[in-house]
Amino acid sequence: MRSGRFWAWVTFVLGACYFFIPLIATFEFSLRMKRGEYSFEAYKVVFGDPRFQATFTYSAVVAVLTIILGVLIVVPTAYWIRLRMPQLRPVVEFVTLLPLIIPAIVIVFGYIRMYGSSSPLPFLATARGTDALLVIGYATLALPYMYRAVDTGLRTIDVRTLTEAAQILGAGWTTIVARIILPNVLISVLSGAFLTFAIVIGEFTLASLLNRPAFGPYMQLIGANRAYEPAALAIIAFIITWGCMSVIQVLARFAPKSANQPN
Amino acid sequence: MADTFLSIQNLRKSFGTTTVVQDFNLDVSTGEFVSFLGPSGCGKTTVLRMVAGFEQPSAGAISVGGKDVTRLKPNQRNIGMVFQAYALFPNLTVAQNVAFGLKVAGVPKAEMDKRVAEMLSLIKLPEFGDRYPYQLSGGQQQRVALARALAPRPKLLLLDEPLSALDAKVRVSLRDEIRSIQRNLGITTIFVTHDQEEALSISDRIVVMYGGKAEQVGTPYEIYNRPATKFVANFVGTLNVLEGVVSDASAGKVKVDTQEIVVGNKLNGSRNGDAVSLALRPEAIALGPRPGHDAELGGRISEVHFLGSVIRIRVGFGKGMISLDTFNNSSTPPPVVGDQASISFSSNDLLVLH
Chain H
438 MRSGRFWAWV TFVLGACYFF IPLIATFEFS LRMKRGEYSF EAYKVVFGDP RFQATFTYSA
498 VVAVLTIILG VLIVVPTAYW IRLRMPQLRP VVEFVTLLPL IIPAIVIVFG YIRMYGSSSP
558 LPFLATARGT DALLVIGYAT LALPYMYRAV DTGLRTIDVR TLTEAAQILG AGWTTIVARI
618 ILPNVLISVL SGAFLTFAIV IGEFTLASLL NRPAFGPYMQ LIGANRAYEP AALAIIAFII
678 TWGCMSVIQV LARFAPKSAN QPN
Chain L
80 MADTFLSIQN LRKSFGTTTV VQDFNLDVST GEFVSFLGPS GCGKTTVLRM VAGFEQPSAG
140 AISVGGKDVT RLKPNQRNIG MVFQAYALFP NLTVAQNVAF GLKVAGVPKA EMDKRVAEML
200 SLIKLPEFGD RYPYQLSGGQ QQRVALARAL APRPKLLLLD EPLSALDAKV RVSLRDEIRS
260 IQRNLGITTI FVTHDQEEAL SISDRIVVMY GGKAEQVGTP YEIYNRPATK FVANFVGTLN
320 VLEGVVSDAS AGKVKVDTQE IVVGNKLNGS RNGDAVSLAL RPEAIALGPR PGHDAELGGR
380 ISEVHFLGSV IRIRVGFGKG MISLDTFNNS STPPPVVGDQ ASISFSSNDL LVLH
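Here the protein sequences come in this chain order: H and L.
Numbered by the numbering used here, the letters in the first sequence go through residues 438 to 700 in order.
Numbered by the numbering used here, the letters in the second sequence go through residues 80 to 433 in order.
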């Protein structure tokens, strides 16, 4: 028993070293911009750079639009699969996993072939069209996370009975999804939303190859040309991701509790 | 039936090649409380779901208040329903749950608040409006579900095993409460249950279902005392079944093991030598002779179960076994296992099962 606990601690400490030493080293390096002293100079430079503000804002807006698109696609789909077509669940799960297997670059080349300026649907001919494709691409990349989060949320409620209870009280599909299903899986939807946000903020391939002014390509650009700022940016990116994860944890506490408790 | 409110005609439901409901016909009068009673898988819930509109019949018609609703969607039928699993909306408070149907129907807020308060006092939970479902016990949740179903003033109330998830004590009190509310409102109600005691105690009529068909429709008294089929006799209440052979059809005599019983004119159509099943309720049998009992069988006491107010005794004779109930009497100790005993009953109480 004691020996088991000892090795558990050893494993934990090794794991923590593996994750935290590079992070601490990066943080320490990011503070060394001024010679002979620690300072937040690199962070000041990063935050003061108009390109940082522009790219971060662009990526944040794209992330919000991706979340909206993801919710509009995933919530009704996952709900309908659970309610009416449970036999299709394995197929849909497989489809939602495809973005993890197929590289983003394949999507981009698909876009270029399908929606190039000489194609019948020349989305890539305009900036707005390209932005739309970027949002759709990101929604695809975030699909595995969003679908799983929503599906897990739906598993915690009795979808069929709640739907029937609402139907018999006169509610139509829109009312059922908007007022019963969505509020009951809201925490799961938000979990998926924050995961999506974290993915979109750091994504490089799609944004770079579609030539959009996103945060991912900006980080790459800074990383290739500067010394201390990339370290600061890496720490900022980590903080954003961890912030999203923390918000998911906090929100999970507010999840509606099941009404179906034994007497 | 002159004032038929719910009419179900030739209803059939098949899933693929499996037929789960067939030739189901029923007319329910306004304000009547009808129970669908049967074992799991007998089709009772499927019929209820077809009435609600959650399942489409493969054939047949359903009309409510003279209007054919067979092809209407559930939200167009103006029917209230209470589910076994309560199905309260977890994200809404008790008051919001009760108000849901009214809000969907676009009832003005003042009227809606009044109706919600009325419903909460009807279920005796007026101070629970701000609570969430998870803060209530199972019995309270089911009462809220009842209030929610009744709030939009439905024409028909469907209760799908609403008491199954509750403990025994709450089940009995809520059962009585449901019946009293139903009587006061005069709402036509269909109640699905597999619990015969529940069905017998609160129904105006019972539909006993088996294999997707209505085996018998009748009042609780008729169902219990005059079961039409062997299944109904076995399913409703405890029953002693004696296998015998007709020894003298013209005299109404049946030989059970080595003893002969006169069953009167109930052997319609049977001939000498035919096998017959005779059924007797435990409470129709007495230990020893009793005035009015014209039939007697001898045997040996094989089991004695003291149940408090009632003592259930099992008497073995030949290959058969008979259960009988006697009231506990503090001055008379219960019989002892192994004693010789004779049992008596009135041949009028014998049922010949077909």
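By construction, these hints were calculated from the structure, which means they are not laboratory data.
Mixed in with the good hints there might be a few duds.
Here are the simulated DMTMM-like cross-link-like pairs (lysine to aspartate or glutamate), alpha carbons at most 25 Å apart as the crow flies [unchecked claim]:
1) L/LYS345 with L/GLU322
2) L/LYS182 with H/ASP486
3) L/LYS188 with L/ASP209
4) L/LYS152 with H/ASP486
Structure-based check of each hint:
Straight-line distance between C-alpha atoms of L/LYS345 and L/GLU322 comes to about 15 Å, which keeps the hinted pair within the 25 Å bound. Distance check on the hinted pair: L/LYS182 and H/ASP486 sit about 52 Å apart at the alpha-carbon level, beyond 25 Å; violated. Using a Cα cut-off of 25 Å, the hinted pair L/LYS188 and L/ASP209 holds, with the two alpha carbons roughly 17 Å apart. At most 25 Å may separate the alpha-carbon atoms for a hinted pair to count; L/LYS152 and H/ASP486 exceed this at roughly 60 Å.
Hint violations for this structure: numbers 2 and 4, all remaining hints satisfied.
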